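In the working numbering, the protein residues as written are 549 to 687.
Honestly, the hints are just simulated from the structure, not real lab data. Remember, it's a predicted structure, so these values are computed and weren't measured experimentally. A hint or two may mislead.
Cβ pair distances, simulated, as ranges [what the hints assert, rightly or not]:
1. L552 x E676: 47 to 53 Å
2. A613 x I555: 34 to 40 Å
3. I660 x G609: 25 to 31 Å
4. L656 x G611: 18 to 24 Å
5. G643 x G671: 28 to 34 Å
6. T635 x R665: 27 to 33 Å
Every residue gets a Cβ at the ideal spot worked out from N, C-alpha and C, and that includes glycine.
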Amino acid sequence: MTTLSQILQQTAIDLGITDTFLATGGSATTTINTSFADESEPPDEERFKNNYIFVRRDAGGAGAAPEGRWGLISAYAPSTYTITHATVSTAIAVGDEMLLVKQNNFPLYEMISAVNRGLRDLGVFPFEDTTLSTATAKT
């Protein structure tokens, strides 16, 4: 089953508004990426602010939390390579695949609204409930 998080991630990737990396640590409200130090132009303090971070895949590969969660980025500390964001429910682990989504032209909540409009436009799907059964002389 496809989740809203997966739809948003793939849409952002298709729009070319993402960066991906493997976390080197973190908590439920922070993500650390020491590989930023290896970049020729490491990110400055304002680079990620007001964008979103998604946990694309958990390091264990089992789809466990916080996979699929996302949070708005509020700060970045270049001295420690730490991104501060809204909680993603459980700690970011070493090796979690992270997806940074820029909001410049495509705000996340506008993307969510577009997904909801698309779902509404699909219409109603008949669903037959086959979980109930009957038997003689039983209530």
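Evaluated hints:
1. L552 x E676: 47 to 53 Å: At 26 Å between Cβs, range violated.
2. A613 x I555: 34 to 40 Å: 19 Å, violated
3. I660 x G609: 25 to 31 Å: 27 Å, holds
4. L656 x G611: 18 to 24 Å: Between L656 and G611, where Cβ atoms are some 22 Å apart, the hint holds.
5. G643 x G671: 28 to 34 Å: 42 Å, violated
6. T635 x R665: 27 to 33 Å: Since the Cβ atoms of T635 and R665 sit about 28 Å apart, the hinted range of 27 to 33 Å holds.
Checked against the numbered hints above, the structure violates hints 1, 2 and 5; every other hint is satisfied.
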